[in-house]
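Undergrad: Build the full structure now, drawing on both the sequences and the hints.
The listed protein sequences derive, respectively, from chains A and B.
Quick note on the working numbering: the first sequence kicks off at 1 and runs consecutively.
Quick note on the working numbering: the second sequence kicks off at 1 and runs consecutively.
If you're looking for bench data, these hints aren't it; they were derived computationally from the structure.
Small disclaimer: the values here were computed from a predicted structure and weren't measured.
We put the CB at the ideal spot given by N, CA and C, even for glycine.
Keep in mind that the hints are not guaranteed to be accurate.
What the hints assert, rightly or not - Within a straight-line C-alpha distance of at most 25 Å, the following computed PhoX-like cross-link-like pairs (lysine-lysine) qualify:
1. B:K338 - B:K366
2. B:K3 - A:K205
3. B:K235 - A:K9
As the list claims (entries may be wrong) - Cβ pair distances, simulated, as ranges:
4. B:L376 - A:H107: 32 to 38 Å
5. B:E234 - A:L8: 57 to 63 Å
6. A:H107 - B:F68: 54 to 60 Å
7. B:V26 - A:E108: 33 to 39 Å
8. A:E41 - B:A370: 32 to 38 Å
9. A:H107 - B:T346: 23 to 29 Å
10. A:E105 - B:H360: 16 to 22 Å
11. A:D100 - B:N223: 52 to 58 Å
12. B:K15 - A:Q210: 19 to 25 Å
13. A:S13 - B:G27: 32 to 38 Å
14. B:N151 - A:H107: 46 to 52 Å
15. B:A145 - A:R160: 31 to 37 Å
16. B:E39 - A:N183: 33 to 39 Å
Chain residues, written in single-letter form:
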Amino acid sequence: MKFTSEQLKIMDSIISRYPRSRSAIMPLLHYVQAIDGYVTERGIETIAEILNLATAEVTAVSSFYTQYRSEPAGEYHVGVCINTLCAVMGGDEIYESLTDHLGIENHETTKDGKVSIERIECNAACDYAPVVMVNWEFYDNQTPQSVKDLVDSARAGNPRPPTRGPSKLRTWKENSEVLAGLNDGLAHEGVSAGSASLLGLQISKNGGRQ
Amino acid sequence: MTKLTPVLSAHWDEKDSFTIEGYKRVGGYKAVTKALTMEPDAVIQMIKDSGLRGRGGAGFPTGSKWGFIPQGDNKEHYLVVNADESEPGTCKDMPLLMANPHVLIEGIIIGSYAIRANHAFIYLRGEVVHVFRRVQQAIEDAYKAGLLGKNIGGKGYDLELTLHAGAGAYICGEETALLDSLEGFRGQPRLRPPFPAIAGLYAKPTVVNNVESIASVPAIINNGIEWFQEMGTEKSKGFTLYSLSGHVNNPGQFEAPLGITLREILELAGGIREGHQLKFWTPGGSSTPLFTDQHLDIPLDYEGVSAAGSMLGTKALQIFDETTCVVRAVLRWSEFYKHESCGKCTPCREGTWWLVQMLHDLEAGKGTEADLAKLLDLCDNIAGRSFCALADGAVAPIISSLKYFRDEYLEHQRNGGCPFDRVASTIFKTVGV
Ligand SMILES: Cc1cc2nc3c(=O)[nH]c(=O)nc-3n(C[C@H](O)[C@H](O)[C@H](O)COP(=O)(O)O)c2cc1C
Ligand code: SF4
Ligand code: FES
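TA: Here it is, written out as structure tokens:
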């Protein structure tokens, strides 16, 4: 099946952001994931065609980056940070209890297609450890129980909102579209900064005291 | 006692700090107006004279980097902002961009004007959707306000700004890998020379700077060189973001003059968590050699940290107390480097694989004294013999942990496995809560 003419038009607009078309390959791959849920064969073929590349060249790029998937992600893709700091502070326990709870392993998806899981590296939120990302939104200061509750709420169709993010968690495909550069209009939602980000500022305003 | 100096973070507690109105209300975009009335070379000179150094890890003087761009060469020039922030422990650029994307955009306009670039890029790691939203909205609003696009501020200067999402590859933080990635290739480092200033993006003169470096520029233009130089130490001028994480009572961001010590920051932050003691820490992310409680009074500036055998890096202060097994910590970082090695050169690709194997055995209590020597020998064959600095970072935690905690490695052998209780290092009182 071909992409719609509307979708092809969006692809053209992505290419127009760059001085050279090949630079658009990454946002185009994010866009294919937004439509198909992963990097599909038709996605590779279409990108190759519109960028005038061999499909092997597109595959070589897509396979280099971990965010591009060769199989569908769940509607809610849960990444547990297992880099050293989060791991030591409880990320390992969160990951273990989550795999037990869902009965799936790293890179697998639940049978209902709702939740997939991944062990992720440091996500630039270490002052909120242990960190969990769902569809690449921040869930700060997690515990094994809070993450079990989170995936249960997601499977029930009513996921808890991110700690620092929009007021409602969007699906994995919807968030992939944002990464392709399509504005979903939600930038104004959520806090300016979490409490840890503000700690130094507040201490300073308090004359050096907490 | 060093006082905190919130500059970049000064207004993050405002509800609308990330909007163009919120930014303008606190003086935002005044520096652009001023800079556009200056000669581009005068802007470069001012940043040179300020002493601002790169905040992305290496501490290279920002003004000098801008000065390397050849002028009058009739080529396009580019400014590329490195917002890949993936060095383990590093967590300053993402909160900055979430709370105030406009300060980066203002710095980008000034920097691009100075180096005569008409197109700039922000390469943002892909795993932070809400940060992407904030930056994208800020760019759209800056275009609408006439701060980007054609004839900025009526001064005849044109600038396009493109936001680009990465897709999960630590190596794309290395500036030449970043450029390859931005050109639409696998993100693998390039041979240097030529340096990006001569042949960068699309083989054109290019400056690559960290988010915090560029975001620091508007304040310097507004407040002047003397104001900036009042903060910091002799060769490390100004303010910077220190990110405190781990086994402390209150983790978070602390904006302070360069040269503050960990002892001072810990005092402000309420110390190591109750009933525990500092064991080891990183001054600037996992690629910077570990420090211990002997290093509490080292001035955290470029020279101070180097003199003590590590690197200021990204000022990511990851704190571990006595409940943490150093072998476990180092093994986990090694797994990270193995996973992120781009595979271009053999010592790093194969070497990081072997490091992980050896550390697994050591953690499981199957290593001997001789294995420690072998491990160090392996490190010797990786660092300095690989194509890029990822490999040097990969061996930093290993070599430094062996220097300070050699016996802890051997204790695993005597104990037939790890002697530490994992639950004790978590922040949960009991597992499951
Ligand atoms: C493996 C590796 C990863 C890096 N990751 C980053 C990064 O995420 N962000 C960054 O600004 N610099 C990173 N750097 C440093 C960049 O190569 C470059 O020095 C920096 O962006 C220059 O900006 P500055 O002069 O403003 O600090 C990395 C370097 C290496 C070797
Ligand atoms: S040192 Fe490692 S990351 Fe750097 S080029 Fe070689 S293989 Fe790639
Ligand atoms: S180590 Fe988990 S977010 Fe940095």
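Undergrad: Which numbered hints turn out to be false for this structure?
TA: 3, 6, 7 and 8
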